[in-house]
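These protein sequence lines are chains A and B, in that order. Yeah, the first sequence ends on 764 if you go by this note's numbering, and it's all consecutive. Yeah, the second sequence ends on 874 if you go by this note's numbering, and it's all consecutive.
In short, the hints are calculated from the structure, not lab data. Among the hints, erroneous ones may be present.
Claimed, not checked - Here are the computed lysine to aspartate or glutamate pairs in the DMTMM-like style, where the Cα-Cα straight-line distance is at most 25 Å:
#1 Lys-819(B) / Glu-751(A)
#2 Lys-685(A) / Glu-733(A)
#3 Lys-861(B) / Glu-733(A)
#4 Lys-799(B) / Glu-751(A)
#5 Lys-861(B) / Glu-673(A)
#6 Lys-687(A) / Glu-716(A)
If you're wondering where the values come from, they're calculated on a predicted model, not measured in any experiment.
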Amino acid sequence: DTEVTQTPKHLVMGMTNKKSLKCEQHMGHRAMYWYKQKAKKPPELMFVYSYEKLSINESVPSRFSPECPNSSLLNLHLHALQPEDSALYLCASSQDSGNYQETQYFGPGTRLLVL
Amino acid sequence: GEDVEQSLFLSVREGDSSVINCTYTDSSSTYLYWYKQEPGAGLQLLTYIFSNMDMKQDQRLTVLLNKKDKHLSLRIADTQTGDSAIYFCAESIGNTDKLIFGTGTRLQVFP
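Can you build the whole structure from these sequences, using the hints too?
Structure below.
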């Protein structure tokens, strides 16, 4: 099983709303990732969690707040977003992180529209 | 810099071979990847190659790596309409968890 699931598939929110994106994997992977992908662009890394601890934050604005409640779950809390934050948000996981690159498996993404 | 370049668009006839090219920048990359993305969907890992290899074949897919020129290619044999998608190469950055994706190549297969 190499499945990473994400909910919801689509999300529309206003600039004053608070919402959360969820990601789940049951492959025993210990590294999880959030990416943002704008239309016709490659994915851009936002955050990396390794063993449930935040290991990389790519200077993401604080209106995006990641959370890793356990090794299978990764959330992205959204608050006071801007229309330019509209994008496809992709979650990924890999077996491990650290000294060598592990293959990342991606979820289907959540398509977010901020009005 | 960390720019990974790909040609934007490739159009091939069904049954022909497709070759998608990628130029990367980080000579310390350990692994290089090819991902496929269909419209509105996430990224599907197709294959990857370890940096000490020159070639890897996996069914219809052949990956070639020229480490001297930092050039990676993906050949799809007997291309089908279901292969129409955007293809991203990606390189790992040193010993980090970071993947840098290429600009993506849109492959269109026509009958």
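Here is what the structure says about each hint:
Between Lys-819(B) and Glu-751(A) the CA atoms are separated by roughly 18 Å; this keeps the pair inside 25 Å, and the hint holds. Pair hint Lys-685(A) plus Glu-733(A) holds up; C-alpha atoms about 12 Å apart against a cutoff of 25 Å. Between the alpha carbons of Lys-861(B) and Glu-733(A) the distance comes to roughly 24 Å, so the proposed pair stays at or under 25 Å and holds. At roughly 18 Å between alpha-carbon atoms, Lys-799(B) and Glu-751(A) fall within 25 Å of each other, so this suggested pair holds.
A hinted pair counts as satisfied when its Cα atoms are at most 25 Å apart, and Lys-861(B) with Glu-673(A) qualifies at roughly 20 Å. At most 25 Å may separate the alpha-carbon atoms for a hinted pair to count; Lys-687(A) and Glu-716(A) meet this at roughly 22 Å.
The structure fails none of the hints (numbered hints given earlier).
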